[in-house]
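Colleague: Below, each chain spelled out in residue letters.
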Amino acid sequence: MRSISFIVTVLILFCIGFAWRDIQSGRAPDPIAFQKLVGLRTRNAEGPEQEFKQAYNRILTTYYRDVTPQKLKYAGISGMMASLGDPHTMFLEPQVAKRFAMDTTANYVGIGARLAQQYSPDGKPIGARAVVVFDNGPAYSAGLRRGDVIVAVNAKRLGAADIDDIVKQILGEEGTEVHLTVLKNGVGAPVQITVVRAHVVTPTVESQYFRDSGVGYIYMTSFSAPTAEQFDKELQKLEQYPLKGLVIDVRNNPGGYLDTAVDLLSRFRANKIVVSMKMRDGSVSREMTSANEVHPFTYPVVILINGESASAAEIFAGALRDYKMATLVGEHSYGKASVQEVYPFKDGSSGKITIARYYLPLGADISRKVDEDGTYISGGLEPDVKVEYQERLPAELTGKPETRTSDLPDPATDNQLKKAIEVVLSKAG
Amino acid sequence: MTREGRKSVRAAAGVLLSIAAMCAGALLRDQLDLGTRAGSDLRGDGLLASTSKTTDLPETTFFEDMLRLLEQKYVEPISDENKLADGAVRGMVASLSDPNSLFMDATQYAVYSKAREGKFEGIGVHCALARDRSRASLATGGIDDAAEPFSRFPLLKVVVVVPGSSADKAGIQVGDLIESVDGRWVPNSAAFDELDRLSKLVKEHKASGVEFLKARSDLREKIDKSVIALKARDRLMIGSSGPVRVGWIHQGKRQEKSFDKGEWTIPTFEVRKTGEIRFSFVPGVADRLRKALLNRTEATLDLRSNVYGDFDAMLACLREVAPKGVYGSIATHKNEKPWPIEVTASRATRVKLKVLVDEGTLGVADMFARALASRSAAKIMGHPGGDPLVIQWFRLPEGGGYTLVTGEYRSGSPNGIVAENATQRKVAEQ
Numbered sequence: 077m078r079s080i081s082f083i084v085t086v087l088i089l090f091c092i093g094f095a096w097r098d099i100q101s102g103r104a105p106d107p108i109a110f111q112k113l114v115g116l117r118t119r120n121a122e123g124p125e126q127e128f129k130q131a132y133n134r135i136l137t138t139y140y141r142d143v144t145p146q147k148l149k150y151a152g153i154s155g156m157m158a159s160l161g162d163p164h165t166m167f168l169e170p171q172v173a174k175r176f177a178m179d180t181t182a183n184y185v186g187i188g189a190r191l192a193q194q195y196s197p198d199g200k201p202i203g204a205r206a207v208v209v210f211d212n213g214p215a216y217s218a219g220l221r222r223g224d225v226i227v228a229v230n231a232k233r234l235g236a237a238d239i240d241d242i243v244k245q246i247l248g249e250e251g252t253e254v255h256l257t258v259l260k261n262g263v264g265a266p267v268q269i270t271v272v273r274a275h276v277v278t279p280t281v282e283s284q285y286f287r288d289s290g291v292g293y294i295y296m297t298s299f300s301a302p303t304a305e306q307f308d309k310e311l312q313k314l315e316q317y318p319l320k321g322l323v324i325d326v327r328n329n330p331g332g333y334l335d336t337a338v339d340l341l342s343r344f345r346a347n348k349i350v351v352s353m354k355m356r357d358g359s360v361s362r363e364m365t366s367a368n369e370v371h372p373f374t375y376p377v378v379i380l381i382n383g384e385s386a387s388a389a390e391i392f393a394g395a396l397r398d399y400k401m402a403t404l405v406g407e408h409s410y411g412k413a414s415v416q417e418v419y420p421f422k423d424g425s426s427g428k429i430t431i432a433r434y435y436l437p438l439g440a441d442i443s444r445k446v447d448e449d450g451t452y453i454s455g456g457l458e459p460d461v462k463v464e465y466q467e468r469l470p471a472e473l474t475g476k477p478e479t480r481t482s483d484l485p486d487p488a489t490d491n492q493l494k495k496a497i498e499v500v501l502s503k504a505g
Numbered sequence: 207m208t209r210e211g212r213k214s215v216r217a218a219a220g221v222l223l224s225i226a227a228m229c230a231g232a233l234l235r236d237q238l239d240l241g242t243r244a245g246s247d248l249r250g251d252g253l254l255a256s257t258s259k260t261t262d263l264p265e266t267t268f269f270e271d272m273l274r275l276l277e278q279k280y281v282e283p284i285s286d287e288n289k290l291a292d293g294a295v296r297g298m299v300a301s302l303s304d305p306n307s308l309f310m311d312a313t314q315y316a317v318y319s320k321a322r323e324g325k326f327e328g329i330g331v332h333c334a335l336a337r338d339r340s341r342a343s344l345a346t347g348g349i350d351d352a353a354e355p356f357s358r359f360p361l362l363k364v365v366v367v368v369p370g371s372s373a374d375k376a377g378i379q380v381g382d383l384i385e386s387v388d389g390r391w392v393p394n395s396a397a398f399d400e401l402d403r404l405s406k407l408v409k410e411h412k413a414s415g416v417e418f419l420k421a422r423s424d425l426r427e428k429i430d431k432s433v434i435a436l437k438a439r440d441r442l443m444i445g446s447s448g449p450v451r452v453g454w455i456h457q458g459k460r461q462e463k464s465f466d467k468g469e470w471t472i473p474t475f476e477v478r479k480t481g482e483i484r485f486s487f488v489p490g491v492a493d494r495l496r497k498a499l500l501n502r503t504e505a506t507l508d509l510r511s512n513v514y515g516d517f518d519a520m521l522a523c524l525r526e527v528a529p530k531g532v533y534g535s536i537a538t539h540k541n542e543k544p545w546p547i548e549v550t551a552s553r554a555t556r557v558k559l560k561v562l563v564d565e566g567t568l569g570v571a572d573m574f575a576r577a578l579a580s581r582s583a584a585k586i587m588g589h590p591g592g593d594p595l596v597i598q599w600f601r602l603p604e605g606g607g608y609t610l611v612t613g614e615y616r617s618g619s620p621n622g623i624v625a626e627n628a629t630q631r632k633v634a635e636q
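Chains as they are written, first to last, in our numbering: chain L, 77 to 505; chain R, 207 to 636.
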């Protein structure tokens with residue numbers, strides 16, 4: 077009896093030793109390794125790992141041009157993730173991962189301004205124009221304003237530099253200085269401005285009150301961590317005016333956190349299903365709006381969507397329609413009916429992996445269907461009022477420098493926004 | 207020994223055995239996961255800690271770690287690890303952005319392998335991805351579909367037309383460009399250049415904004431209904447029945463027609479009635495070439511539309527026709543010295559050679575022509591394709607495979623690039 081229990085103990089210890097690599101890295105013991113151990117799997121010699129390693133080494137050592145091992149590794153991982161056929165499961169290289177994290181948290185180290193390429197009247201790039209300067213950011217306190225044009229960074233003239241390159245020059249470590257040479261409002265003698273880079277919360281919500289129609293307008297660029305709070309603030313600003321209706325614009329809004337969508341929807345209805353998520357094990361989990369955050373909306377709401385409205389933006393728009401609290405205007409949305417989680421790695425890269433599929437409150441599956449060439453077949457939210465966007469000439473081709481200091485859409489030139497205002501007014505009766 | 211003593215020895219042995227069992231388990235696992243190179247510095251955390259560029263394993267355990275992560279988290283169960291491995295290889299090959307280093311799935315591999323032996327499916331053409339040299343910014347661009355489908359555009363150029371095939375009967379010729387397949391546009395940079403040109407005109411007030419907007423929305427519509435060059439090529443070259451509608455550009459003129467797919471053959475060795483010798487560089491072809499050249503004082507080798515070839519077969523052929531000497535070199539991986547193409551024991555009788563080349567003379571065939579030209583050992587008629595590369599084929603366990611460029615021809619002259627240009631000019635002028 078004792079010897080049996082001793083053998084069992086030894087066996088258990090053997091298994092613990094065998095699974096030590098998994099335990100050490102905080103994973104569940106790997107069943108495949110056990111299968112290999114007892115001979116159920118023997119194809120290790122030419123298994124998928126071997127296939128990958130062989131190709132990796134072969135390309136590094138025999139391809140006739142120089143290949144960076146890191147670039148090759150990242151390409152391999154990207155290709156592997158792409159082979160699942162899910163466009164939202166992807167590998168993010170360190171730079172992309174950083175950018176992605178910056179967008180979802182809406183928090184980064186910088187000067188606190190959104191810049192656009194500025195062109196001379198004959199269409200040549202001459203620097204960067206500040207289209208938004210964040211109210212509480214370091215650039216604002218240093219004196220930079222909307223419409224100012226940056227022509228040099230740290231005394232280096234920008235000339236034909238591309239906007240991404242300019243941004244790269246301006247970004248840097250927290251607490252360090254960057255010297256900008258600025259044309260106030262794009263004209264006059266250059267002025268020197270010194271900005272101390274600091275943590276900045278990006279405004280993801282902007283608003284405007286249209287006096288002529290009495291309609292409030294909220295423009296949301298993403299569903300980031302601070303979005304719900306920023307929404308409240310902008311809504312408060314708008315409600316100082318007599319509102320006949322509200323247009324919430326989520327066009328080109330790629331989404332963000334599901335939690336943020338839930339928070340925002342909690343302003344509209346309490347204790348309502350936002351989405352049902354079907355997980356990999358078949359279980360269903362529901363996201364609900366909270367009990368007591370409802371804001372009284374005493375006016376009709378229209379949501380503007382287009383083909384680039386995705387993910388949390390679609391959940392927000394779709395759920396509000398299901399609650400019968402909003403009318404959707406614009407073009408069909410992207411159709412991303414899945415939830416991803418981001419797994420960061422030590423080298424700064426991340427894996428973004430689809431972990432669940434979701435359904436809207438009334439059960440709709442809006443997942444995008446494409447043919448084998450990637451052409452859209454169906455999916456996304458269909459708008460209640462369909463309006464195609466009327467293209468406008470890009471600013472650099474109009475022959476006159478951009479004079480508008482706001483980068484918000486303008487109902488005078490944006491036909492979809494114009495239609496949204498008409499619809500919301502008709503609902504106001 | 208006392209009873210107590212025996213007991214404590216047994217207890218100690220038990221403890222030792224237990225520890226030994228645990229260590230044995232850990233070692234065995236290392237052995238299983240890491241093969242023979244097991245060691246404490248190679249724990250399976252490549253994904254988390256991989257910064258090393260010097261050793262292989264930390265880089266490659268990345269794959270296993272990501273695989274495990276996907277198996278644990280991805281919304282669908284992962285049933286086929288080999289598909290993921292193929293995907294990884296596809297991604298790595300694609301990252302080379304090289305029109306001659308391409309991944310193939312099982313179907314593609316089977317079809318294109320047969321084409322190497324002269325057995326073609328589809329409409330009876332072979333198309334190559336050619337860099338579009340009209341746009342400097344795209345010169346370094348590649349062709350893969352995975353990442354940025356419309357940021358770079360290779361041309362899809364016809365380099366082989368099988369005599370007697372559907373394509374041949376319809377008048378498709380080597381050098382023609384494929385423009386659409388089944389109504390889907392194969393994007394090319396010219397269309398984008400045209401839009402750029404128009405935007406310049408608008409800036410100079412020589413065209414209206416309305417015109418520009420119309421052109422832009424037309425282009426977007428075309429992009430929405432497009433097919434990438436590699437897929438378009440498959441649709442022309444894979445399958446032996448059924449119709450396919452093809453738009454192509456022949457000497458600047460657009461044509462469109464429906465074709466029947468079939469099976470077509472180009473013999474790997476052929477002596478034409480006119481005396482020209484046409485052959486592919488397949489293993490064993492050198493012997494046939496020697497026999498065909500016996501008792502001749504002059505011969506014409508037809509290397510037009512000669513896409514695929516085996517490097518060793520090409521060398522063997524060179525020995526048959528070229529006098530002793532060095533015929534340039536092959537530059538391979540940067541760590542290795544270029545090695546000379548040398549004919550030491552030439553069997554060459556003094557046959558006066560003419561070599562016919564065209565835009566479809568690619569790879570080792572191109573190399574063969576250039577090698578001969580470098581020592582004026584043959585008269586070259588026509589302009590070769592311009593990519594004298596060694597392209598190797600590799601097969602993957604699941605039936606797919608890939609090609610990899612492993613060498614590039616350099617002319618042997620000490621004047622280097624200048625001489626290379628001179629050679630090219632020579633090839634072109636003759």
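Please note that a few of the clues may not be correct.
Okay, derived cross-link-like pairs now, DSS-like style, lysine-lysine, Cα gap no bigger than 25 Å in a straight line [to be verified]:
| # | chain 1 | residue 1 | chain 2 | residue 2 |
| --- | --- | --- | --- | --- |
| 1 | L | 494 | L | 244 |
| 2 | R | 420 | L | 200 |
| 3 | R | 437 | R | 406 |
| 4 | R | 406 | R | 428 |
| 5 | L | 428 | L | 400 |
| 6 | R | 279 | L | 428 |
| 7 | R | 279 | L | 462 |
| 8 | R | 428 | R | 459 |
| 9 | L | 320 | L | 200 |
| 10 | R | 585 | L | 445 |
| 11 | R | 431 | R | 363 |
| 12 | L | 200 | R | 363 |
| 13 | R | 585 | R | 479 |
| 14 | L | 445 | R | 428 |
| 15 | L | 445 | R | 431 |
| 16 | L | 494 | R | 420 |
| 17 | L | 400 | L | 494 |
| 18 | R | 289 | L | 147 |
| 19 | L | 174 | R | 279 |
| 20 | R | 497 | R | 428 |
| 21 | R | 420 | L | 495 |
Computed beta-carbon distance windows for the label pairs [what the hints assert, rightly or not]:
| # | chain 1 | residue 1 | chain 2 | residue 2 | range |
| --- | --- | --- | --- | --- | --- |
| 22 | R | 605 | L | 486 | 55 to 63 Å |
| 23 | R | 399 | L | 251 | 43 to 51 Å |
| 24 | R | 417 | L | 288 | 41 to 49 Å |
| 25 | L | 449 | R | 464 | 36 to 44 Å |
| 26 | L | 144 | R | 437 | 35 to 43 Å |
| 27 | L | 309 | R | 399 | 42 to 50 Å |
| 28 | L | 484 | R | 437 | 56 to 64 Å |
| 29 | L | 486 | R | 389 | 32 to 40 Å |
| 30 | R | 389 | L | 232 | 49 to 57 Å |
| 31 | R | 444 | L | 142 | 29 to 37 Å |
| 32 | L | 505 | R | 417 | 41 to 49 Å |
| 33 | L | 449 | R | 605 | 48 to 56 Å |
By construction, these hints were calculated from the structure, which means they are not laboratory data.
Glycine is no exception: its CB is placed at the ideal position from the N, C-alpha and C atoms.
Colleague: Next, verify each hint and record whether it holds.
Modeller: Verification of the supplied hints:
1. 494/L - 244/L: Distance of about 36 Å is beyond 25 Å: violated.
2. 420/R - 200/L: holds (23 Å)
3. 437/R - 406/R: violated (33 Å)
4. 406/R - 428/R: Holds, because 22 Å separates the two Cα atoms, which is no more than 25 Å.
5. 428/L - 400/L: Between residue 428/L and residue 400/L the Cα gap is close to 33 Å, so the pair fails against 25 Å, i.e. violated.
6. 279/R - 428/L: Cα-Cα ~10 Å, so holds.
7. 279/R - 462/L: violated (38 Å)
8. 428/R - 459/R: holds (19 Å)
9. 320/L - 200/L: violated (43 Å)
10. 585/R - 445/L: violated (57 Å)
11. 431/R - 363/R: holds (20 Å)
12. 200/L - 363/R: With a Cα-Cα distance of about 36 Å, the restraint between residue 200/L and residue 363/R is violated, given a limit of 25 Å.
13. 585/R - 479/R: holds (21 Å)
14. 445/L - 428/R: Roughly 19 Å separates the two Cα atoms, so the pair holds.
15. 445/L - 431/R: Holds, at roughly 15 Å.
16. 494/L - 420/R: holds (22 Å)
17. 400/L - 494/L: OK: residue 400/L and residue 494/L at ~22 Å, within 25 Å.
18. 289/R - 147/L: holds (21 Å)
19. 174/L - 279/R: Holds: residue 174/L and residue 279/R sit about 22 Å apart, inside 25 Å.
20. 497/R - 428/R: violated (54 Å)
21. 420/R - 495/L: Distance of about 22 Å is within 25 Å: holds.
22. 605/R - 486/L: 55 to 63 Å: holds (57 Å)
23. 399/R - 251/L: 43 to 51 Å: At roughly 46 Å between Cβ atoms, residue 251/L and residue 399/R fall inside 43 to 51 Å, so the hint holds.
24. 417/R - 288/L: 41 to 49 Å: Given a distance of about 33 Å, which is not inside 41 to 49 Å, the answer is violated.
25. 449/L - 464/R: 36 to 44 Å: violated (19 Å)
26. 144/L - 437/R: 35 to 43 Å: violated (28 Å)
27. 309/L - 399/R: 42 to 50 Å: holds (47 Å)
28. 484/L - 437/R: 56 to 64 Å: violated (41 Å)
29. 486/L - 389/R: 32 to 40 Å: Given range 32 to 40 Å: holds, Cβ gap about 39 Å.
30. 389/R - 232/L: 49 to 57 Å: holds (51 Å)
31. 444/R - 142/L: 29 to 37 Å: holds (33 Å)
32. 505/L - 417/R: 41 to 49 Å: holds (43 Å)
33. 449/L - 605/R: 48 to 56 Å: violated (24 Å)
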